[in-house]
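With the hints as extra help, turn the sequences into a complete structure.
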Amino acid sequence: MDRNILQGFREQVREFCAEKLPASIKSKVLNNQPIAKDDYVVWQKLLQTAGWFGGHWPIAHGGKGWSRLQQWVFEDELYRAGTPWVIPFGVTYVGPVIYTFGNDEQKAKYLPAILSSDVWWCQGYSEPNAGSDLASLSTRAQRIGDQYVLNGQKTWTTMAQWADMIFVLARTSSEGKPQDGISFFLVDMNTPGLTVRPIESIDRCPHLNEVFFDDVRVPVSQLVGQENKGWTYAKFLLSNERLLAAEVGKSQRMIKHLYELARMTGTNGGLCSDPIWRYKVAELEAEVLALEALCLDFLDTEAKGQKVGAEVSLLKILGSELTQQVAALALDVVGQHGLSYQLDALTQGADEYGLQGAAGAVREYLHGRATTIYGGSNEIQRNIIAKAGMGL
Amino acid sequence: MSVISAEEHEFFEREVSRFLADSYDVNRRRELIKEGRFGNAEWKTFADLGWLNIGLPEKYGGLGGGLSDQLTMLRAAGKGLLLEPLTSTLIVGAGLISLLGNEQQKNDLLPQIGSGELTIGFANTPNGVGEPDSGLLSSWNADKGCFTLSGTKRAVLHGKNVDQLLVTARDELDGTVQVFLVAPCAKGMEWHTYRMIDDQVVGDIDFHMVTVAQEARLNAKSFDAAFSKVLAAAAIAIAAESVGAMESLNEMTLEYMKVRKQFGKTLGSFQVLQHRIVDMMIAAKKTHALVKMAASTFDHESSEIGHLAAACKVVAAKAGRFVGEQSIQIHGGIGMTDEYMAGHYLKRLLLLGAHFGDADYHLRQIATTEHSTE
Chain A
324 MDRNILQGFR EQVREFCAEK LPASIKSKVL NNQPIAKDDY VVWQKLLQTA
374 GWFGGHWPIA HGGKGWSRLQ QWVFEDELYR AGTPWVIPFG VTYVGPVIYT
424 FGNDEQKAKY LPAILSSDVW WCQGYSEPNA GSDLASLSTR AQRIGDQYVL
474 NGQKTWTTMA QWADMIFVLA RTSSEGKPQD GISFFLVDMN TPGLTVRPIE
524 SIDRCPHLNE VFFDDVRVPV SQLVGQENKG WTYAKFLLSN ERLLAAEVGK
574 SQRMIKHLYE LARMTGTNGG LCSDPIWRYK VAELEAEVLA LEALCLDFLD
624 TEAKGQKVGA EVSLLKILGS ELTQQVAALA LDVVGQHGLS YQLDALTQGA
674 DEYGLQGAAG AVREYLHGRA TTIYGGSNEI QRNIIAKAGM GL
Chain B
175 MSVISAEEHE FFEREVSRFL ADSYDVNRRR ELIKEGRFGN AEWKTFADLG
225 WLNIGLPEKY GGLGGGLSDQ LTMLRAAGKG LLLEPLTSTL IVGAGLISLL
275 GNEQQKNDLL PQIGSGELTI GFANTPNGVG EPDSGLLSSW NADKGCFTLS
325 GTKRAVLHGK NVDQLLVTAR DELDGTVQVF LVAPCAKGME WHTYRMIDDQ
375 VVGDIDFHMV TVAQEARLNA KSFDAAFSKV LAAAAIAIAA ESVGAMESLN
425 EMTLEYMKVR KQFGKTLGSF QVLQHRIVDM MIAAKKTHAL VKMAASTFDH
475 ESSEIGHLAA ACKVVAAKAG RFVGEQSIQI HGGIGMTDEY MAGHYLKRLL
525 LLGAHFGDAD YHLRQIATTE HSTE
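Chains A and B are the protein sequences, given in the same order. Residue numbering for the first sequence is 324 to 715, as defined by the numbering used here. Residue numbering for the second sequence is 175 to 548, as defined by the numbering used here.
These aren't lab readings, by the way, just hints derived from the structure by calculation. Model, not experiment: these values are computed from the prediction. It is possible that part of the hints are untrue.
[Said to hold, decoys possible] Derived CB-CB ranges, DEER-like:
no.	chain 1	residue 1	chain 2	residue 2	range
1	A	P542	B	H366	32 to 40 angstroms
2	B	H366	A	T372	43 to 51 angstroms
3	A	K343	B	A541	46 to 54 angstroms
4	A	Q335	B	H545	55 to 63 angstroms
5	B	T440	A	P542	38 to 46 angstroms
6	A	E644	B	D345	43 to 51 angstroms
7	B	S191	A	S350	45 to 53 angstroms
8	A	D362	B	T350	46 to 54 angstroms
[To be verified] Listed next, the in silico BS3-like pairs over lysine-lysine satisfying Cα-Cα at most 27 angstroms (straight line):
no.	chain 1	residue 1	chain 2	residue 2
9	A	K500	B	K435
10	B	K280	B	K218
11	A	K343	A	K360
12	A	K603	B	K492
13	B	K432	A	K500
14	A	K710	B	K435
15	A	K710	B	K439
16	A	K603	B	K403
17	A	K552	A	K432
18	B	K403	B	K460
19	B	K492	A	K579
20	A	K387	A	K603
21	A	K552	B	K435
22	B	K435	A	K558
Cβ atoms here follow ideal geometry from the backbone N, Cα and C, with glycine treated the same way.
See the structure below:
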């Protein structure tokens with residue numbers, strides 16, 4: 324598949340971003356500063372004015388029926404333009420689960436607000452004892468009359484502090500295999516008994532949380548699909564995600580920013596004039612191109628209606644490891660100037676001592692250590708390829 | 175050269191471990207970090223236990239001995255993520271004073287270091303190495319019979335928490351490098367303090383015509399040789415600290431692997447992770463071996479010390495980053511929390527990898543200096 328496929332659409336997206344992306348938001352993204360909830364919502368609503376935010380949704384549910392390829396190209400261009408991460412929990416994760424497996428009432432109730440970014444979702448999956456082994460989760464959902472009563476704890480819940488709704492995998496049966504006793508619920512964050520506690524992360528910016536369920540009563544109408552079929556819906560959600568996991572545009576944006584950081588490091592273009600340093604970046608640039616080619620390969624297979632094999636997990640493996648390597652090079656640049664982490668400097672307009680943009684580079688490195696852990700750790704991804712892809 | 179016997183070394187090692195376990199706990203450390211300082215009580219304990227005298231010449235009240243004898247303490251700094259200015263005081267401070275100072279300065283200052291009364295910070299370049307640029311200039315005021323310092327210093331580790339700073343400056347007239355002892359709160363010193371990646375305090379200083387007495391300039395004779403020697407010792411010291419940090423992380427990670435279960439098995443049952451922790455152990459062990467060899471070479475005043483010190487930094491920086499990153503990876507989500515200690519060790523290892531020159535800097539030294547293995 325040609326690199327320049329959908330070139331017309333790419334240019335449209337670039338123009339849109341150049342015109343519509345607020346400069347203050349773009350600056351925060353490029354400098355790896357924390358993005359406020361309002362920033363995400365403003366941007367998502369702007370994308371939806373073109374109908375693009377939900378572009379990959381079926382037309383019947385308010386989308387534009389984009390192919391996977393178009394969705395990939397769209398996200399690629401967004402990354403390169405320095406836009407905020409498209410928060411996936413509503414529009415990419417639970418939305419498709421609802422329109423594929425939910426009933427009409429749920430579709431009517433939840434889908435429009437996801438597209439309009441008026442309702443913020445978070446993902447209640449991981450638990451303290453169910454990380455890689457998610458199927459062993461133990462948050463219980465007990466059916467009592469026309470309600471389910473939820474008890475348990477979710478952890479590593481990204482942006483729960485901003486969420487209006489949480490989609491939860493909970494155990495409705497302990498018989499048979501663990502996977503066969505899990506159900507998928509839609510829960511209002513304001514339900515009595517539900518508490519959110521922030522977790523301080525190594526990057527010292529708020530994003531992770533624990534969510535406690537203490538006799539949280541959820542109407543039966545909030546169960547998606549059938550009881551004990553939740554694992555199927557979760558797997559469906561994951562399979563959608565794999566093709567988009569490489570974040571090629573992000574690596575490209577980060578490399579561009581790396582050159583800018585290096586240019587500021589001394590006289591005569593600083594590190595940028597150092598051939599040894601340039602070799603290191605060149606190595607990563609070559610790998611990014613390979614990753615882009617791999618994405619197009621898989622998208623081509625998918626576009627032809629052929630089955631995309633388990634090796635697609637390699638996109639997540641390579642993408643995450645690549646962004647970590649670029650972040651590490653940026654950290655090295657900062658390290659030559661005294662490896663400080665000036666949290667105050669993460670706020671726009673605040674004083675930063677020494678190299679400008681250093682705080683953001685440090686934050687990106689620290690935050691990025693999670694990319695090889697979340698979404699199925701890279702060890703799990705390699706296991707998947709070995710077993711399901713290579714028959715080992 | 176070592177004045178400490180093998181038995182005494184073992185005893186010292188145990189004493190240090192006990193100190194870390196009993197006295198330097200996580201909560202105390204968090205408290206000190208919050209307050210933006212290191213532990214004066216802890217420094218006094220180091221002095222009382224005689225640790226600060228190791229490596230100081232007997233003539234000046236020390237126990238004698240060399241860098242090899244100081245390794246246990248330097249490793250402890252990494253093991254316990256100590257905040258106290260051990261390297262800047264004992265290695266750089268005592269080192270520069272011993273090599274550059276006149277007899278009066280040595281008699282005055284070295285015993286104070288040994289007794290714990292004097293802590294020293296080093297204001298040279300942001301990454302510690304190399305000769306200073308013209309950012310800070312010194313001029314001699316003949317009328318007042320003193321020096322004046324004007325300009326800036328960046329990224330001075332420990333900030334104003336130390337008793338004295340050793341500051342490098344260029345002479346305004348002839349550009350030669352001078353070394354001055356300056357109090358952090360001397361008149362005209364304007365500080366901007368912030369934090370290193372591992373929460374240690376660091377500061378930028380604007381010197382506004384800061385007056386420095388003549389006696390506070392270390393005799394600048396044979397500066398280059400002394401400077402190289404002290405920076406080599408500092409490189410080895412930093413690498414030793416990295417060893418300690420890696421050892422702690424490996425212990426923590428191994429323990430976690432034996433206890434944490436997923437898929438009905440401990441993490442330690444998975445061969446991929448077994449191999450990973452073995453590689454982490456190898457990284458720590460090879461760094462430790464090289465550090466010991468380099469320290470011994472340093473104590474014997476071999477001409478190869480520059481080469482070995484650079485190798486120490488290269489190996490330690492790469493090993494430290496590998497162990498730090500993989501420890502987080504193996505711990506999974508919990509490794510990403512601030513509450514758990516793994517992240518703190520990673521951050522210290524990253525700082526140690528950059529301080530006193532990163533791997534690239536030292537690779538360049540090896541690549542561009544003629545050495546015996548060419």
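**Q.** Contradicted hints - numbers only
**A.** 1, 16, 20
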